[in-house]
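Protein chains in written order, with our numbering: chain A, 1 to 383; chain B, 1 to 383.
Note that these hints are calculated values from the structure, not bench results. Take the hints with a grain of salt, since some may be wrong.
The list cannot tell twin chains apart, which means a pair is met if one copy fits it or any two copies do.
[Claimed, not checked] The calculated lysine-lysine pairs, modelled on BS3-like cross-linking and capped at a C-alpha distance of 27 Å, are: (1) 114 <-> 314; (2) 95 <-> 316; (3) 245 <-> 336; (4) 245 <-> 333; (5) 114 <-> 316; (6) 336 <-> 314; (7) 316 <-> 333; (8) 278 <-> 114; (9) 72 <-> 114; (10) 314 <-> 333; (11) 245 <-> 314; (12) 318 <-> 95; (13) 316 <-> 336; (14) 316 <-> 245; (15) 333 <-> 318.
There are 2 protein chains.
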Amino acid sequence: MNAPIDFPPDSVGFVNPVRLRFEESLPLASGAILDEFDLMVETYGELNATRTNAVLVCHALSGHHHVAGYYKDQMRSEGWWENLIGPGRPLDTRKFFVIGLNNLGGCHGSTGPKSINRSSGLPWGAEFPVVTVPDWVNAQFLLANRLGIESFAAVLGGSLGGMQALQWAIDYPERVRNVIAIAAAPKLSAENIGFNEVARQAIITDPEFHGGNYYAQNTIPRRGLRLSRMLGHLTYLSDDLMGEKFGRELTDDAGDEYQFGFDVEFEVESYLRHQGDKFAGYFDANTYLLMTKALDYFDPARPFGGDLELAFRKAKAKFFIAAFTSDWRFSPKRSKEIVRALVANRIDVSFAEIESSEGHDSFLMPIPEYHALLRQVFAEIRV
Amino acid sequence: MNAPIDFPPDSVGFVNPVRLRFEESLPLASGAILDEFDLMVETYGELNATRTNAVLVCHALSGHHHVAGYYKDQMRSEGWWENLIGPGRPLDTRKFFVIGLNNLGGCHGSTGPKSINRSSGLPWGAEFPVVTVPDWVNAQFLLANRLGIESFAAVLGGSLGGMQALQWAIDYPERVRNVIAIAAAPKLSAENIGFNEVARQAIITDPEFHGGNYYAQNTIPRRGLRLSRMLGHLTYLSDDLMGEKFGRELTDDAGDEYQFGFDVEFEVESYLRHQGDKFAGYFDANTYLLMTKALDYFDPARPFGGDLELAFRKAKAKFFIAAFTSDWRFSPKRSKEIVRALVANRIDVSFAEIESSEGHDSFLMPIPEYHALLRQVFAEIRV
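Model the full structure from these sequences, guided by the hints.
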């Protein structure tokens with residue numbers, strides 16, 4: 001392990017997460033109330049004297065608080081959006097104070113199904129309440145208060161993270177000046193929900209799931225998690241990219257000939273199995289269920305009779321919305337629904353449809369056009 | 001059961017399948033040899049005196065020999081392509097003798113994993129050899145010989161069925177006069193293989209799979225089959241159609257409010273679970289594995305160094321190729337690859353890209369433009 005890591009000069013370098021305890025009660029959309037909770041947080045850069053330079057980065061389905069930088073004494077530990085954040089990078093930590101957190105229900109240190117429920121002394125497991133995007137935004141609001149941040153310079157995220165950024169503009173219009181929502185949608189389509197449902201059923205019907213209380217059985221629903229992730233990866237990439245990456249190539253083990261069996265044979269099978277196995281080794285199945293449900297429930301127009309324009313009526317932020325041509329999970333068409341509702345409110349919004357072959361995952365990639373746009377967006381933000 | 005069925009006058013009406021035994025050995029692509037095998041067959045219409053009016057209908061992943069008509073004393077027993085075939089229908093049984101069969105490896109009566117392996121006296125199970133599209137075409141060729149059919153007026157199929165039709169033109173150019181391949185592709189993409197692989201892994205990792213020998217355990221890998229079918233249905237439909245059919249509607253049981261749990265809640269979840277449960281109740285898991293593998297292996301250009309044009313060099317049939325705008329599993333782009341290779345060989349080919357919102361499943365639907373085209377194609381065939 002103790003390998004020294006050579007990080008480039010525009011990385012934030014070594015970082016440390018902190019666990020913040022909140023002793024206040026948080027009512028959730030479901031009616032449940034969390035009496036107390038922890039949030040796992042990382043920050044990069046310095047909060048300025050007027051506390052006006054904070055940027056909140058919200059994570060997507062499998063993300064967490066470790067957005068940028070590296071952990072000492074840990075190989076391959078760079079944050080999941082390392083390419084975006086650092087001194088001189090598009091989200092420049094010489095100007096901004098950047099905050100990453102693990103959302104409630106997560107499995108990376110914030111209170112979630114793996115955490116001990118004080119009232120029982122056991123892990124929450126299936127008893128952990130279903131959480132929604134507005135719930136997360138409420139928790140993030142308490143985090144902002146804790147840090148003394150009156151107004152975020154920006155709230156930023158891709159996919160489910162972008163949905164949280166949108167919700168911020170609706171629920172706390174005075175507390176966010178810029179919203180940057182990438183590869184998002186104003187709500188999931190039936191097909192989107194369908195893919196989530198297949199993943200959930202893979203987990204729930206795994207005999208090792210034990211109704212969500214597998215911790216007590218000292219097991220995990222590994223098979224279900226693995227299938228969920230294999231399916232997820234298929235929908236995060238594009239057919240074209242997979243064609244470029246894998247084509248119909250056979251693995252080295254398979255050689256040039258068909259094997260006429262069910263062992264791994266095509267490169268794409270090997271890739272998916274590897275991704276699935278890796279994920280099942282570290283991600284919590286109950287968290288996966290919660291995250292997919294938060295996606296399915298996201299529908300900020302719902303309290304406004306389904307009228308997205310009305311939902312954004314009180315928003316005051318400036319918006320940057322971006323989508324990728326090859327993203328079929330949340331296509332540019334879905335982002336345009338957001339843009340239309342904003343324009344109808346005469347809200348200041350820029351929209352970019354970015355050429356890319358990398359599918360939904362594009363939002364994590366250092367695509368030159370995309371990063372140049374983000375650089376410009378952040379450069380224009382006054383702190 | 002004994003319910004009388006009122007079928008329309010342009011249906012073929014009541015039909016009966018027959019099981020044909022082949023006592024000849026069939027060498028397979030894998031190197032395995034079947035010493036004998038059964039094929040389950042249905043026919044509609046009359047074979048003419050010159051035996052020139054036979055049309056072979058090849059089935060797709062979950063299909064079988066019961067293509068048209070009804071079974072006496074059985075409710076909802078219409079064939080899977082009932083809307084296409086009958087007196088006065090596009091594939092007119094007053095003119096044509098139509099043959100449906102269950103392919104080798106199937107679970108509807110032809111020799112497959114559920115069948116008893118004479119050498120052991122036990123079901124084949126996991127020992128049943130992997131079969132390929134060319135293997136199926138070889139078995140269909142023996143069927144043609146048995147029926148005294150020197151040349152098919154047409155070989156027809158959608159999806160995996162269309163691939164068999166294409167293979168006929170390549171492997172038995174003298175024995176087929178028209179090839180009709182709908183919603184097919186010249187080979188699967190990495191994404192296509194990926195979806196098949198997730199389905200296979202769902203089955204194989206189900207603890208009830210028992211390495212494919214679940215018959216002996218008196219169980220079935222129900223959970224895996226169910227997941228496979230849920231995923232399949234998601235990829236057979238289009239996002240638009242699912243939006244129209246289900247949107248984000250909640251089920252009646254769920255009422256107007258989110259339930260904040262993991263029971264079925266959205267209509268699309270209910271639909272997918274129902275389809276999955278139904279399928280798991282009648283389809284054989286080993287057959288599902290074999291069918292997906294036949295899809296993955298299909299690549300008629302492979303023996304020709306990957307050159308599809310060369311693969312079709314000896315083809316003599318006239319071709320009709322059709323694809324549907326909303327089919328993202330085998331999109332029109334993939335059908336055009338076939339058309340280009342045929343055109344390069346100066347082969348007589350017509351191509352139709354048909355507007356439809358029903359995704360890959362469109363090939364089974366009575367879409368007026370589509371059926372009108374098929375009617376014309378069949379009308380022009382001389383018998």
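Structure-based check of all given hints:
Taking the shortest Cα distances, residue 114 and residue 314 never come within 27 Å of each other, neither inside one copy (37 Å) nor across copies (63 Å). Taking the shortest alpha-carbon separations for residue 95 and residue 316, only the intra-copy value of 23 Å comes in at or below 27 Å, while the best inter-copy value is 70 Å. Taking the shortest Cα distances, residue 245 and residue 336 sit within 27 Å of each other only across copies (23 Å), while inside one copy they are farther apart (29 Å). Taking the shortest Cα distances, residue 245 and residue 333 sit within 27 Å of each other both inside one copy (26 Å) and across copies (19 Å).
When the C-alpha separation of residue 114 and residue 316 is checked against a cutoff of 27 Å, the pair qualifies neither within a copy, at 37 Å, nor between copies, at 65 Å. With identical chains, the CA atoms of residue 336 and residue 314 are at most 27 Å apart within one copy only, with a shortest distance of 19 Å there and 50 Å across copies. Taking the shortest Cα distances, residue 316 and residue 333 sit within 27 Å of each other inside one copy (24 Å), while across copies they are farther apart (44 Å). Proximity of residue 278 and residue 114 under a CA criterion of 27 Å is satisfied intra-copy only: 19 Å inside one chain copy versus 35 Å between copies.
Within a single copy, residue 72 and residue 114 get their C-alpha atoms as close as 25 Å, which meets the 27 Å cut-off; across copies the closest is 56 Å, which misses it. In this assembly of identical chains, residue 314 and residue 333 lie within 27 Å of each other by CA distance solely inside one copy; the values are 24 Å within and 45 Å between copies. In this assembly of identical chains, residue 245 and residue 314 lie within 27 Å of each other by CA distance neither inside one copy nor across copies; the values are 45 Å within and 33 Å between. For the identical chains of this complex, residue 318 and residue 95 are intra-copy neighbours only, at 19 Å inside a copy versus 68 Å across copies, given an alpha-carbon limit of 27 Å.
Taking the closest pair of Cα atoms, residue 316 and residue 336 come within 27 Å of each other only inside a single copy of the chain (19 Å); across copies the shortest separation is 49 Å, beyond that limit. Neither within a single protomer nor between protomers do residue 316 and residue 245 lie at most 27 Å apart by alpha-carbon distance, with minima of 43 Å and 36 Å respectively. Taking CA atoms no more than 27 Å apart as the test, residue 333 paired with residue 318 passes inside one copy only; the shortest distance there is 20 Å, against 40 Å between copies.
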